[in-house]
Amino acid sequence: MEIHRYETIWFAASLLLIVGFIGTITYGAVGVGVEMVDDSGGTVDPDNLGSHERFGDTGVHKVNESHYEVNMIAVHPSFIPSEIEIPAGSTVTFYMTASDVTHGFKLVDSNLNTMIIPGQVSEITAEFDEPGEYGFVCHEYCGSLHHEMAGNLSVVPEDEWGGVDS
Amino acid sequence: MNLFVDRYPEEAWIVRAALASSFLALFLGGIMGLIQGLHRTGFLQIVQDSTYYTVLTLHGVSMVLLFTIYFLVGFFQWAVTDSLDRSAEDIRFTKLWYFLMVAGTVMAAAAILGGFTDATNLEADVLYTFYAPLEAHPIFYIGLVTFVIGTWLAGVDWFRSWWAWKKEHPGERTPLRAFMVMTTMLMWYLATIGVAAAILFFILPWSLGLVDSVNSLLTRTLFWFFGHPVVYFWLMPAYMMWYVILPKLAGGRLFSDPLARIVFVLFLLLSVPTGIHHQYVDPGIAEGFKFVAMTNTMFLLLPSLLTAFTVVASMEHGARQRGGTGRLGWLRSLPWNKPAFTGMALAGLMFAAAGFSGMVNAGMNLNYVIHNTLWVPGHFHLTVGTAVALTFMASTYWFLPQITGNGVFSQRLGLVQVLLWFLGMVFMGNAMHRIGLAGEPRRTAEPFYDGVTFDTALGSISELHFQIALGSVILTVSLLLFMAHLFLSWFDVASNPAPDNGVIPEALSGPENAPIVLENLRLWTAIALVLILLTYALPLASIVSANGFFGSAGTLVGTAYEFAVSPFVGVVA
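Chains H and B, in that order, give the protein sequences.
Under UniProt numbering, the first residue of the first sequence is numbered 1, with each subsequent residue one higher.
Under UniProt numbering, the first residue of the second sequence is numbered 1, with each subsequent residue one higher.
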C-alpha cells in the first residue's frame, strides 16, 4: 500500500498530538494531583438513608480545625442542605447521595462537579482559601421541577463562622 | 438510464421511505428545538416549564435516534445495492425491517407525545438517555427495542447481499461503500448489546413491575456502552459521503481507498470501549477504568484526523482538475455554487471545531469544568447538529435525484438553505459553548436561580442567550426552506430533469493496494470484542458486586429473576 509522504507526516503528527494529550492528563493526575470522582465513597441503600450514619445526619460536620465534612442528600427538587456555610481556609469533603433519581452537582465558578446516583456515594474534596459566595445547581434532569434545584455555599471569614448545624 | 431509481426501483422505494421518515423526524425535532431555544433563554415561553422536558425528550429522540438512523438505513441501502450492483436478496425482508422500525417509532412517539396531555397515562419525560429510575411508560422502552431490532435486521439484509456477492466474486475486494456499511453495522451490533441488555434485562422488567428496583449505575453504564458508539453510527454515513461523494462533487476522486478502509476499521475497534468517558464524574467507577476509557478515546481521534487529511486532499485534487492553481488559490476553483458541495464542505469545517471541543470533553480533568453544562450540547450541535445534519441535508441535493428521478427544484435556493444552517449553528454553537464555560447547566427549562449567577469572561450571559435565540430562529428558517425545497423537488414541481451523475469514480489509490487483511472482518470484530471485554468486564463486575443487579431493594420476585437471568448477563458483561 502506498501512502503519500504528506499523509505519513500528518499521521505521525496526529499520533504525537494524541500521546501528548494523554501525557498532559497523566501529569494532571499524577503530578498536580487532580483526583477523579471514583468509587471511594462506597455504596448506600437509597431507601434507608434516614438510618445511615452519615446521611441520617446531613449538614456540616467538623473533623478538625481545618477539615470539615458536608453530608448532602439530593431529592427532587432540593439539596438537603441547600444553604451551607464553612469557614475560609478550610478543606471540605462533600459526601453526596440521592434518595430518588439521578442528580448532578456543580459548584459554579469552580471545578467541583459530580453526578449523584442512587445507591452510590459521591465523595469530593476541595479547599476554600478565601471568603466568597458560590452557587450550586443540579445539572442532571431529575423531574418537572429540576430547574428549581439549587443552593448556596458561603465561605465566611473564620471569626464570623457560625459553627456546625447540629 | 443510469439512475439508481431506474435500475433498482424497489430498493429506491425503501430508500425514499427511509428518507421521508428521517426528514419528518428532523422537522418535528427542529420545531421542538425552536421552542427550547426561545424558552430557556426567556424570550418566548409558550409551554409550561414542566412541559419543556417533554419537548426536550421529543427533540432528543427525534434528532439523535430517528432523523439520523432513518437517514442512515436509507443511505446504506443505496450504498449496498449500488456498490455491489445487485438487488436485495428478498425485498419483502427489506420492507419487514423498515416497517419494524416504523412500528417501534410509533410506540415510542406515542409514549412521548402522551406527555403533552393528561388524558392518557402515556408518558416518557425521561429524555433520550432515560436514566433509570426516571420512569417512562413501558411502551416507550418496547418501542425503542423494536426500532433497534429493525436496524439489526437491516444489517442482516445487507450482510446477506454481501455474502451472496462474495460467492459470485471470489477473491475480489469488497467495494468501498459496502465495506463501510459492513464495518459500521458490526460496530452497531456490538454497541447495541449495551442498550438491549439495559432495557430487556433491567429497565423493562422494572417498569412492568416484575422487579422492584434498578441498579441506576449499572443501567446508566450499559446505556453509555451504547451511547457513545451511537454517535459514530450517525457519523459514519456522513464520513462515507465525505469519502465517496464529496471528492466527486469537488470534481475529482478519492485520494486513497485503503486509508478509508483503515479509518472504518479503527472505528469498529475503538467506538465502543470509550463509553465510560461520559461517566468521568460518576461515583462508583474507579479512576483506573476512567483512565482506560480516556486513552481509547484519545486514540479514536486518529481516524478523524486521518479523515480530515483525506477529505482536504481529495478536495484539492478535485479543484486542480477543475483548473485550480496556487498554494491556496485552488480553493477558488471549487464548486461553491452547488449546495451539495458547499453544505458538506462547511459541515466538515464545523466538524473540525467540534473536534476541538471534543478534545476538551475527552480530557478527564478538563471535563470537570464543563461536564453537564451547556458546553456539552454545544459540542454535539456541532457534531450531530452540523457535521452530520448539514452533510445529510446537503447530500440530499445530489442524492434525491438518484432515488426519485427528479431534478432538484433550485440549486440557488438550496445554497441559501445550507448557508443559513451554517450561520445559525455558528451563533448557536458559539453561545452554547461559552455559556457552558460560565457553568450554566444543560437540560434545564429556566436556568435562572436565586443567588446563583453565571459570569462569562467576554460579553454577558444575556447577550449569549440572545445568540441562542437568534441561532434557533435562523436554523428554523433554514429547516423550513429545506422541507419546502424537498417537497417541491420530490413532487417535481419545476419538472427539472435528473442529471446523470450517479457514478462514483474510482479512488486515485485503489482497493488493490489495500492489505488483504483488511477484508477479514471476523478478525476485526474479534479484536473489537476483546477491547470491549478489557474495558468493560471489570467495571461492570464491580458495579454489580457493589449493588447487585437490581439495586438494594431485592425481593423474592427480584431474587428469583436475578437467579434466572444472571448467567446471561454474565455473558454480556
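FYI, nobody ran anything at the bench for these hints, they're computed from the structure.
Predicted model only: the values in this text are computed from it and were never measured.
We put the CB at the ideal spot given by N, CA and C, even for glycine.
Treat the hints with care, as some may be off.
[What the hints assert, rightly or not] Distance windows between CB atoms, simulated:
#, chain 1, residue 1, chain 2, residue 2, range
1, B, ARG320, H, LEU16, 40 to 50 angstroms
2, H, VAL156, B, TRP152, 54 to 64 angstroms
3, B, TRP152, H, GLY50, 40 to 50 angstroms
[Said to hold, decoys possible] Per the computed footprint, the stretches of chain B lying under chain H, defined by three or more beta-carbons under 8 angstroms from a beta-carbon of chain H, are:
#, region
4, 49 to 60
5, 122 to 136
6, 212 to 219
7, 290 to 297
8, 446 to 456
9, 478 to 485
The hints, checked one at a time:
1. The given range of 40 to 50 angstroms is broken by ARG320/B and LEU16/H, whose C-beta atoms sit roughly 29 angstroms from each other.
2. The supplied range of 54 to 64 angstroms is met by VAL156/H and TRP152/B, whose beta-carbon atoms lie about 59 angstroms from each other.
3. About 46 angstroms separates the C-beta atoms of TRP152/B and GLY50/H, a value consistent with the hinted range of 40 to 50 angstroms.
4. Only residues whose C-beta sits within less than 8 angstroms of a C-beta in chain H count toward coverage, and the region 49 to 60 of chain B has 4 of them, enough to reach three; the restraint holds.
5. For the region 122 to 136 of chain B, the stated coverage by chain H is satisfied: 5 residues place a CB nearer than 8 angstroms to a CB of that chain, which reaches the threshold of 3.
6. Here the region 212 to 219 of chain B counts 3 residues with a CB under 8 angstroms from a CB of chain H, which clears the bar of 3, and the coverage holds.
7. Against chain H, the region 290 to 297 of chain B contributes 4 residues with a C-beta closer than 8 angstroms to a partner C-beta. That satisfies the three-residue criterion, and the hint holds.
8. Three residues within the 8 angstroms Cβ limit are the bar, and the region 446 to 456 of chain B against chain H gives 9, so the coverage statement holds.
9. Remark: the region 478 to 485 of chain B is not confirmed as covered by chain H, as 0 of its residues place a Cβ nearer than 8 angstroms to a Cβ of that chain, below the required three.
When held up to the earlier numbered hints, the structure conflicts with 1, 9 and fits the remainder.
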